[in-house]
Amino acid sequence: MSKGLIKIARSRPGYSIAPFLFALLLAHSSLYASQDSAYVNLQGKRITIASVFKALQQQTGYIVFYDNSLLNDQEKVDVNFLHSSVPDIISFVINGKDLTYVVKERFILLKKKQQAAPKAGGNGAAGAGNGTVNGVATAPQDFPVSGVVKNAEGEPLSGVSVTLKGTRIGTSTNVRGEFTLTLPTETGVLIFSYVGYEKQELKVGRESKVTVKLVMASNSLNQIVVTALGLRQEKKSLTYATQSVSTEQLTEARELNVMNSLEGKVAGLSISQNGGGVGGASRVVLRGNRSIFGDSQPLYVVDGVPTIGYPEDLDPDNFASINVLKGANAAALYGSDAQNGAIIITTKKGRADRNMISVNNTFMLQQADMGLPFQNLYGQGDLGAYQSGSAYAWGPQMTGQTVASWTLDPSRAGETYAMSPQPHNVMDLFHNGYTISSNVQMSTGTEKSQTFFSMTSTEGSGILPLNTLLRESFLLRTTNKLTDKLTLDAKMNYTLQNTNNPTRESADNYNPVQQIYTMPRNIRTKDAKRYEYLNANGLLQQDYWAPGVVSTAENPYWVLNRNLSYDKLNRFTGMVSLTYDLAKDLNLMVRGSYDRLNDNGQQMDYDGTLVRAPYGRYTVTKSFTYNLNSDFLLSYTRKLSDDWKFDVHAGGNLKYVNNDTMSANTGVALLVPNFFSLSNSNLPVTSYSPGAPLDIQSLYAFGNINWREAVYLSVTGRNDWSSTLPANSRSYFYPSVGASVLLNSLIPDFPKVFSIAKLRASYAKVGSSAPPFMLQRFATFSSGGTNGFLQLNGILPNTELKPEQTTSTEAGFNVGFFKGRLGLDFTYYNTNTGNQLFTISLPVGSGASSLYTNGGDVRNRGVEIELNTVPVEVGHFRWELDFNFSHVRNTVVRVSDQRPKVIVANQSYISQYVIQQGKNFGDMYTFGLVRDSLGRVIVAANGLPEITSSQSVDVGTYTPDWMGGISSTISYKNLSFSFVIDHRQGGVVEDYTDANLVYFGLSKATVNGRNGGLVFGQNFFSNYKTVTTTGKENTTPVTAESFWKTMGNPSIPVGELFARSGTNTRLREAAISYSLPRTFSSRMHVANIKVSLVGRNLFFISRSTPGLDPDILTGTGTASEGFSSFAPPTTRSFGANLKVDLK
Amino acid sequence: MSIKKYVVAGMLPVAMAAVLTGCTKNFDSLNMPQNLVTASSINSSTLGPSFSDAEYYGFIGNTGGWELMHELHASIYSQIFTTTSAGFTTDEFEENASWVDAGWTSFYSNPAVMINFVKNYTAAHNMAPENAVAKIWEVPIFERMTDFFGPIIFSQFGNGQTSVSYDSQESVYKSFFSILDSAVTVLQQNTSAKPFGNSDLVYSGNVGRWIAFANSLRLRLAMRIVYADATLAQQEAEKAVAAGTIADNTGNALLSTTANNLDYLTQWTYINPFCMSATDQSILEGFQDPRLTAFWAQGGGRTGGNMGYNGLRNGLTSAQRTSAIRSGAAGNSFVAKQWLPLADGGSNPYVPVMTAAEVCFLKAEGALRGWNMGGTAESFYNQGITYSMEYWSPSTSPAAINAYIASTNTPSAVPDGIVAASFNTPPESNITVAYESGASFETQLEQIITQKWIDLFLSPWEAWAERRRTGYPRGYAIISSLNPSIPVTSIIRRMVYPPSEYSNNSTAVNAAVSGLLNGPDNTMTRVWWDQKPLTDYPDLSSSVVP
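Protein sequence lines correspond, in order, to chains A and B.
Numbered by my numbering, the letters in the first sequence go through residues 469 to 1611 in order.
Numbered by my numbering, the letters in the second sequence go through residues 273 to 818 in order.
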């Protein structure tokens, strides 16, 4: 590295030092108005040469450039110039030195005399003068070189930095990728560098015209990543772990909820879908659960602005990049919302260089993959006897015998049919779902103004009939250089999404999945599909085999067709950002954004809906959520010397969030049956909530400094003021600090085999405020009586609330070998989230049901490993193979002084989700079998094992022991093949579906022992050691019916028997894509045509529990983890994608 | 110039900071919900709705209070109603912890909170008459809780702590007596006051009526404990009568209803999973009681038909509780039209809290026991029937009432037929309507309690308590018991403590079970006042289905 340093003698105001500026300015000819009468008056004794130059510049505008290896500008001289010319002064200064100079416009470059080149000095220009010089320097001798820089696809790259090696002479390419540079010497080596691309050196000679092709950086450490507040940083400089995901895959193997596409690709990221069908939400957790009250999900940031937390309606076509900031360290600057990490999405912008139109079409087909083990031997009834009105399958063996029909239809009274197994009656409910998506993108722009427009139309259908989705999404973005100094970036995004009949989850009258799973094995699809009949009053009523037998059961086809719901979502996001260059290295960004979500829903329940709405009901809900963000950021970047660079930033943010909701329904009975209008009711019920506003105001500052791009140090600090905390604690500050060292840059003779060797460590604190309205106890007015009712709510306020605090430490290293062919990234982290805000349940006899409190300390400790390899790269053939691995343990260090245990939820009485001191976060407790001191199961006199009186058995946590993924891409010329395999090891799921299936006699497990003879611990559950209450061996036989009805009883299931391992390995994604040869596409007058065939969630390579997909939960809250209840079958999807880029 | 820019830039954060600190001024108002009031801002003008809330939800409540607690337990254990929903297994003696939990929580998290709040507020603000009325109202609503569970949270209620200890039923009852003492004393000094005005949904602030109601409650409580502490029972009963009880139907404690606070039956008859029991049919049909048509509709559909009055046995198996029965298509009787939803022509009647008739039957029993009630058992018995008839069946003429009182009708056998099963349903008893003053003590008691049971049609928790206390009316064995350790001939004795108490208040509930309950926490442990020897209870084995 050259020690040479060009100094510019005192810049003009507003034109600060930038090494490559010189060349750039030389290229322009009219930057300064002419100052013809350039005469100088300057007198002084023992002043420095530097101050001579300074005076020269102040009086004439001439700027002197020189390399300080040529001239010591601290040398003291005596001067006495009166009305002297510029050449007089320059000649005086270089007198006696082996220097000459050239003048171009208002710039004066001092350089070494060129002995061998008489031309160089010019005609009498600057010889060894004696203090007086007559002529002004003539045009200097220079060696122009020009060229063009392109990428691998032959597209020009603008903004590529071109510098002459060993100097700071340089320029950058224009929008056409072109550059011109004037070299002071005849030959030299040019260095081409561009973010995200490999640096390239090229030897050039005189009058060179060069074409340079830059290749994308294969070493991920050269990546540029978008970090907090939209800052683009080189990945190698980061002091914490992040991982970016290719956005191309998101639109090829499309998921309606884009987050699902990240499964298996990011170490430490866990994604679980809910059972809501097409367009449903997902639960996303980074580095484990930590929040007792909150949901531990990350913050989503789009173009630097935190969004309302709904990622599922975002359009992946518009994504330019996704970067996952895994922990508090990375996300500290986002404050309160980022203690669970952040997912940073950057949307596309228009390009300056050319017009572009691109069309992308995807078709995906979803297929239900049923794994539940239904039995196909026994029909409807109890105790082996057929009953047409039974909800159970404990009836007789199905042999085609003639039985009475279950229909309630009076016109079909007395019908019979031959009872035989209906092995497909469950799957008959489902059909193939699909997603069709078309995206058109247009980009156009000049150097000053660029526009990007994108429109996506998506149509989808779930695997349940009538569950459909239509989404239209528009994005318009414009970036404008309003003046040389002022840049505008503005964006409008509008999404309209209509969802019909999203599937209700879990054990619910309205969940057709529950209804179909629990259908007896003899019910014929064609009979079940006759789900209604005309009663004596001429009203359509539900026809169902067992009305009222189970309080949540109905005919699945009735639920599907007669309990209809529609959801209409309108989302608008607007953002305007202005950046003003106060100076070359100082700029100010001011930004405002508005994110608004309107959600309107309605539900129509027909007359005859059992239990919930026997006389019909119509419900309308509306919610309005908005998020206002305004922020500013002042950034200053400075290179102190060749060795030291730093940047500092200061900013502030105002955030205001609110949502109000309104709902109304017709009450218990519609006046006119099946006419759905709110006025069709005597007793409409309405409710309105004006919402819970939240105002957080913040100031922050952060800075980075690096030494020789080898040692990096970052510091951040943020102070928040939150409207939800008491006055004395509403202001809170939190800092972070991180450092990284690139050993390969630091140590001169570091082995060349390493392309990188980096160590990093960081420490962060993040504060977080409380939900609104926790500081006072409130009372609610409601109608009734003479003067209304007033009711105190059940939560005791806490006026001493403090902000939550997450303290996170992480350390790691990256090593890369063989020019990036092999890379390893290792991270260890430890996060403690303390002072947590949560409610603890009080006994209701205390006069309140819960109390807000600060407390708790949850520790997440884990490792993440990424291994990236390129095993083969020969010619056009390239094989990439990447692995990721993560392990986390979430430990509850402390809960609260008042209570060492908090029950977060009790899911269907099969899983109590518990936060308990000293245990894993979210250990699940359930009913189990009673054991003696020797661990033997105690069997009662009736032959059934005794069941614990409460949910006292700990079956463990949903959090897996570890998760891993393998992704690979094999490419040859235009053809590439890629796949993702992911693995989940361990973690427990309570399978409520299974409990129901055995209870109703539907699963294969219930086939044995229908006539009795099952001796628990002997020929049945023989791996259990048992003892009777009298200390004897158990020999009492039971029937399958009495055993399973007791163990699977949906109101008190013995969850110990239904705790399943979530271990599974699956082929998450596979894609093959082909770009048509350029010769072909150009004949078609298009730039590029790419065809892909993709598959998602193709199959389980192995799973420890058949029929259970541990990734499908009921809901997205914390307590939904580890609980599976009537989830729809796993779906696999296949599809094709066609992308055409027009020029 | 350049310096200026830097200064300006540097000022920005400072300026922002200044703006921010200014902006936090509205934080307090922002953090206040627009649609709620703070507890601290409740004043005398909003106190009325607070008391109304305690009155309505204390006595009727919502799903948790009424449906899950009373309808699904008391109404079927009293054998006034039978459930026809196949999923409602409490009638087959199966415990349902989540229903009890909802009931317990619904009581303690709303009416108990509000009555406590009103009591404390009025005490702190020297509102003596209001304070006295609030204390009186506390008695019937907590009485129901202790009758359901035995030991309950009472004296420590509202301590705001993570553990709240229980009181024994004996001490709760004794507290009731002293609360009534002090409240009545205060009201007697404030007879012209109108506490809570028309926000009082029972008496609209009529102090005299509240005093009579308080004394009547004392009489009820006294009688309830007669098998546990006969001396105290007599003492309190005589004191109550001497002080003046509800004299006639104009003094009845009736909770008023509106379209926005419905009578409890009216809330649920759109589903109507509750219908007439065989016990009802045997007694009312056998007695040829005019109240039969006041209480019940003829079978033939949810809103009534013309298939006659048909009751169902309690504890049918879920298969027997088929939808045909539930929809009434099988001919079983649902409640009469006045309790149907407004849309179906219901009238949403007032809800009796305590009636003059009940007071008469209490006095009759007192007189039977030889206490000084100011009259004979027979006279009070007859007066009670008259008041009950006038209240429930006002169209019945005085002559018809007298004829009824004099009749020697006895309960009838109930025919099988509604469900296709052979039930063995003999006459429920052989007592007559006419008072048999010469009969045995138990027969006279059975007559009094049976007539009181008829009057308690809308207070099934009282009817269940009396059935537990005395064994009357006899009722029938249930058809099927899902609990192998509880025979079909049993009466459920209490409700078990809800799981939420075991998870949120475990120390206290365990202490209550081991120290105060006098038995395991199950449905067969008898509460403190339930001390009549089991051998004195009627034998129901004659109605067991073979």
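Keep in mind the hints are simulated off the structure, nothing from the lab.
Note that the Cβ used here is the ideal one computed from N, Cα and C, for glycine as well.
Each hint should be verified, as a subset may be incorrect.
[What the hints assert, rightly or not] Using C-beta positions, here's what the derived DEER-type ranges look like:
no. : chain 1 : residue 1 : chain 2 : residue 2 : range
1   : A       : Ser1251   : B       : Gly432    : 23 to 33 Å
2   : B       : Gly432    : A       : Pro1158   : 34 to 44 Å
3   : B       : Ser814    : A       : Gln865    : 57 to 67 Å
4   : A       : Ser1251   : B       : Ser814    : 27 to 37 Å
5   : B       : Thr310    : A       : Thr1129   : 18 to 28 Å
Now for the hints, and whether the structure bears them out:
no. : hint                               : verdict
1   : Ser1251(A) / Gly432(B): 23 to 33 Å : 29 Å, holds
2   : Gly432(B) / Pro1158(A): 34 to 44 Å : 29 Å, violated
3   : Ser814(B) / Gln865(A): 57 to 67 Å  : 40 Å, violated
4   : Ser1251(A) / Ser814(B): 27 to 37 Å : 51 Å, violated
5   : Thr310(B) / Thr1129(A): 18 to 28 Å : 22 Å, holds
In this structure, the earlier hints numbered 2, 3, 4 are contradicted, and the remaining ones agree with it.
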